[in-house]
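Residue numbers (my numbering), protein chains in the order written: chain A, 7 to 238; chain B, 30 to 167; chain C, 5 to 571; chain D, 25 to 226.
One or more of the hints may lead you astray.
[Stated by the list, open to error] Here are the computed lysine to aspartate or glutamate pairs in the DMTMM-like style, where the Cα-Cα straight-line distance is at most 25 angstroms: (1) A:K49 / C:E521; (2) A:K192 / C:E521; (3) C:K361 / A:E59; (4) C:K434 / C:E521.
By construction, these hints were calculated from the structure, which means they are not laboratory data.
Spelled out, the chains give:
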Amino acid sequence: MSIFPENVSTYGQAIDNLFWLILAFVAFAFFVSLFILIYPLIKYSSKKVNRAEYITGEKKKHFKWITIALVGLLLSDFVILYVEHDTWGEIESVPSKADVRIAIIARQWNWIFVYPGPDGVLGTTDDVTIDEMNSSLHVPINANIVFELRSQDVIHSFFLANTRLKQDALPGRTVIRWFNITKPGKYDISCTQICGILHSKMRNFVLAETPEQYKHFTDSLYNANKPATASN
Amino acid sequence: MTTTILKPGINVGLEDSHGPGNFEPIHNSPDHDNVVFATAETDYHGHPHYGRVLVTLLLLLGVSLTVGYVFSPGIAIALIFLTALWKVVLVVRNFMHMKYEPLFVFIAVAAVALIIYAFFFGVYPDITAVPRDVTYPH
Amino acid sequence: MENLHHKKSFWSKYIFSTDHKTIGIQYMVMGMFMAGVGGYLAYVFRYNLAFPGKSIPFYGMLGAEQYNAFVTIHGMIMVFWVGMPVLLSAFGNFLIPIMIGTDDMAFPTLNALSVQIFFLSAVILIASFFVPGGAFGGGWTMYPPFSAGGYLNHNPDFFKALFSGTSLLILAVALEFVAMLMGGINFLVTTVNKRAKGMTPWKIPVIIWFLNIGAVIFMFSVGPLVAGAFMLLFDNVLGTGFYDPHRGGDPMLWEHLFWFFGHPEVYVLLLPSLGVLAEIVPVFSRKPLFAYKTIIYLALLSAFLSVLVWAHHQFVAGIDPRMATFFSIGTILISIPFAGIFLSYMATLWGGKITMKVPMLWAIGFIGLFLIGGLTGLFLGSNTFDIYAHDTYFVVAHFHYTLFPDIFFGFFAAFYFWFPKFSGKELNPKLGKWHFWLTFIFFNGLFFLLFFNGLAGQHRRINDYSSFSLISREPYQTFEQIATISAIGLILSQFIFLYNFISTLRSNRKSVKNPWESTTLEWLSDSPPPHGNFNPYPVVYRGAYDYSLPDVPEDFTPQNVPNPNNN
Amino acid sequence: METNQNHLAIPIIKIPQGRLGMWVLIAGELVIFGGLICCYLLFRIRYPHWGAMAANTNTFIGALNTVVLLLSSYTIVRAHGAAVKLDIAKARLWMMCTLLGGVMFLVDKSIEYAHEISEGFTFTSPKLVAAGDHVGSLFWSFYYIMTGLHGAHVLAGMTAIFIVMMQIRKGNNMHRVELVGMYWHMVDLIWIFLFPLLYIAK
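All chains should be built: construct the whole structure from the sequences, respecting the hints.
Listed below in structure tokens is the structure:
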């Protein structure tokens, strides 16, 4: 059993790999440090040693070990930064090709989904808004889903664990993020920023479907919601 | 040992002042509780010509009030803040006697400016340069 | 000085005293009491997490609102009402004058005022549980608009808003800041101006350096937050819109203001504890502190860097992505000075003559646990992995692995070490060892498994995980139960300490004057130190860590022993 | 109160501890105001049209207050000069002048507040909302919180000056004249920054 939830997004694997990379560095550093902490406790125990050595550590000869360790730490830090940098850019910037554009609006205490309507453009009168608890956001698989994230009242945080994506929704600003789900299924959306008494019930779903199912869903949605619904 | 005993009853800085050069530990003296130790404040720092500083400050105020009518807004604002900075330097150096203090004090107060600048630098893009949207229905 | 030895009433001796030792002990006792309150809150919500929907012994049913409030106030208490007073104020007040060889702090009256204001702040904090609406429940970070009632009501009812849990919390924190600022001014002036003759900067013990660096960091980083707290209070009570996007404000501003203080605050808490280690490790390995000057320089470097890294708490908050890279670099850079300090402590052990007495146990435990806490910070300092790990139990476990050793292991190490100084009596070492091992084991049982819960996607501050299929399954629920049982064990094992403490105070196990054979000045005075501390006042000739000098028969040389070479 | 044995200290950095403490306090206060000014500046850059709001502040009263504060800074520094010469009567007279300056400042400020509030520039400012400018009230929020906090410092400084004025009657603690003076100059400094920010930079 993996320690992560199942990864279903295009960029999730990079984050998982980053974890294992950092873990390798950290585990090495941890065991080395633990050794240099525990070993002298045994070797230089007062039962075995008559008198301590007088080492102030101000001499270069003595301090070089710490310098080596610090340089090693710095280097591994920069390796980590170098490796992660591309992934960070990928997740934080909007892809040039957006297959589906939607808006996700946080509210106390559920997520509101806004579909762009038949014209495919958000902010027009034919937008369809789904505002109910435990509702599902339908998306097609293998498509770049670009969403505008907003909040109506307080700070929330959009967390889709299976895609490794998390983003705070701040009132007063629109954040654009994206994901691309590769496997059909139903995935939890949760709010990770404390937002009131029903914070623990603020749960919705992403329902990843095949493109045909998604087309079927949107058609039925647009038919059921002739331009009567208020737009966002 | 530069401690001096002033006239009785006048106690300058017994509680929290001692002058430079007072390096001898006084607790060795047997009757130290009965002596009023004071190092005159005049020893600590000199005094600039306060009146002249005041006149300069008032003149600078006049400048900051009039530049708005003379120059274009950009230059005027730059000049206004430059005069404000000049005024601050004058007050701190002369009225607060910063110019008689060791460098340490200047560094401590200048650190404030540095820290505030760090804060400004870190927050700047998030408050001023992010696309904002306040049009959604309430 | 005629009133020096005259008998004083209980009130003027223990409550309204201006003596630095009494004030230090007042801070410590209040901090320990607040730790009890914070621990009780932790017990209640941990029990709820392991056994949701069950009635909690010694509390009853826990609703979502109380759960949020308990989580919030637990964090607030442990940082501001336990960590700050115990580490910074208690040890700072007790140790600074006595370790630099002087009689008292520079401004004793200010010091007494500071402890009284601190008491008031604690009272206000606890009172906030009992106002209508209960204590504030929006996380210790108090992000608006959730914490800014003005957002929901443009014309708030002034008195109702003023006596709400939110306003009282802001007020309590503000008063706490005032108390700590007064203490900080005192620390700095005392250390700069009142050192014993001959104590040049490089002869000051590390803990005094670190307490002062901590005070400086606190003083310089708290300013913007004080201004921000005023703004938040205005939003709440008067209906301004500083954090209300509808009226031009921005909640992001608070996040920056808060973390601009909140991150340096971590170092304010860490540095005194590191100072405690620097005193204890050389004593019990009979060896000079490794690279004393470098440690000070590294601490100064970390103080400088600490104000440049704050936004790593906001990687997913929607800050500018380029700035996130900048802050990520800053974050990993700040790992360097602290790694250097810890490595120097470990290097001190090599070639020493190590006795594992109780304070040393706590110190080594601190280093070992902090290793885990510090190294897991690498995961979170990387902005990309933080996208996933932010606000999960991974973060919770990480910062408990840093703050718990920091606050509690550091405190207990210092307490067992200096208790002979406080009271003239020695704690029972056998009970001390029991206390250490039980705390150590239960602490690991409490937080280690939570790393895995966090990696599985379990997010914070949720009172009931039943809605979330990813984490309400096995083994994560079992992990929660193990954590809760360990938490109860952790709290119960503190009663060993309490018993040890009280029974020692009541016993007459007198301690010798310098029980650990330490070199620093505080052991020159009587235990407990009399008013005025020293008679005669010491003169310092050497650094604080002259253990096992080559040509000296004893393996320690106190700071007041003249140097034959006269340098 | 017990006798304080401060004189056993050896000042490594040659500065009396009262002055040192006051410098640290001033640094701490400046960070608070620095943070506040920083927040204001950030929003000022975000909303360029706040220049029109600043036009509604009363530059005349602002300038008058600057003059008052500068003059009172001068008088407190003269009080310090007299205190150094142990001329108690003169020192108290100059301190009285400073107190008068503080009172004048607060009176001016209240007149100004009253005027602005009567014109409808308040925290919530329905006038601005009606005019379609939702963010204008934020300017006034900043205006009131900055000048209000500064006013609170003026009041605190006046209290301190008054207390010291009482203390030096018999010639005790003369050095405290300089210390309260330093605090008063800090109040002056903050105003030197607030004045261009809120009044003349349109």
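For each hint, the structure was consulted:
Between A:K49 and C:E521 the CA atoms are separated by roughly 22 angstroms; this keeps the pair inside 25 angstroms, and the hint holds. For the suggested pair A:K192 and C:E521, the alpha carbons sit about 66 angstroms apart, so the restraint of at most 25 angstroms is broken. Taken as a hint, the C:K361 and A:E59 pair is honoured in the structure, with Cα atoms around 20 angstroms apart against an allowance of 25 angstroms. Distance hint between C:K434 and C:E521 is fulfilled; the C-alpha atoms sit about 20 angstroms from each other, no more than 25 angstroms.
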